[in-house]
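*Asks:* Sequence:
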Amino acid sequence: MGTVTSLRDLHGVDEACQNAEEAVRKLRMHPLLFRAHTSPARQEKAARARAEWELRAACASAELDGASWARENSDDVEAVRAGVVTDQRVQGALRCYAELPSLISVWRRAPLQVLARLHVLAAVGTLEPARLGRPEGTTSELVNLADLVITERANSAIVMSAIVHGELLRLTPFGAQSGVVARASARVTCASAGLDPHLDAAVEQIHLERAPEYLGAAKAYATGRTDGVRAWLKHCALAYQLGAERTLAACESL
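Numbering (this note's numbering), first residue to last: 115 to 368.
Don't read these hints as lab results, they were simulated from the structure. Any given hint could be a false lead.
Computed beta-carbon distance windows for the label pairs [to be verified]:
#1 LEU368 x PRO215: 13 to 23 Å
#2 LYS333 x ALA161: 29 to 39 Å
#3 ARG267 x PRO243: 31 to 41 Å
#4 PRO243 x ARG149: 36 to 46 Å
#5 GLY197 x ASP123: 43 to 53 Å
The beta-carbon is built from N, C-alpha and C at its ideal position, and this holds for glycine as well.
Full structure from sequences and hints, please.
*Replies:* What follows is the structure in structure tokens.
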């Protein structure tokens, strides 16, 4: 699988990344977010919006792992918001996404520490304490991935994020929690590189809405074949583009 830079050069990937980067740029420039710091009222409004986006991201990530709860339609997270959903996958995802902002600055220098923390948050209450934060097998490959995160400085946050995401799904180092850890780590990767630094894009919702494509592309990536890697990178870039556009539309409605 080539370097991060060479992977971006695969057919269609660079264009997909550019579209995603432009969509995120437009989102960041929306007055609700760009001017949030200029007054307490704007700060509060942006904070409320981001809390809702965080909730929806966590719910979508949990649902991709099979979580479900009674609701009137697929967009209704009222039961989760009300605190009456006890599904451990949902609760674990909520804990992970709540802590993501504090992990952004740590990721580039200590990714293994962040991965361990995410696993603890996702799995607490479902595993014996001694197993929390400890990967299952594939340790050397996980270390190699961490080394790539620390040393890679290519200007391609989308591609790097997709690699982190795809490798964690492929390796499944954290058992049943590998999915939520992978998706959370992918978001932190982009944020730490300066793309979507406040985790605003509705990426997980797009993965969920396009679940067959998401799961199929992840399996294709795991083969290591060039066409499979390309399909995965393009899916991840599209998810960022559509996720940013989704959040931008939400900003416009507020």
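*Asks:* Looking back at the numbered hints, which does the structure fail to meet, lowest number first?
*Replies:* The structure conflicts with no hint, since it agrees with every one listed earlier.
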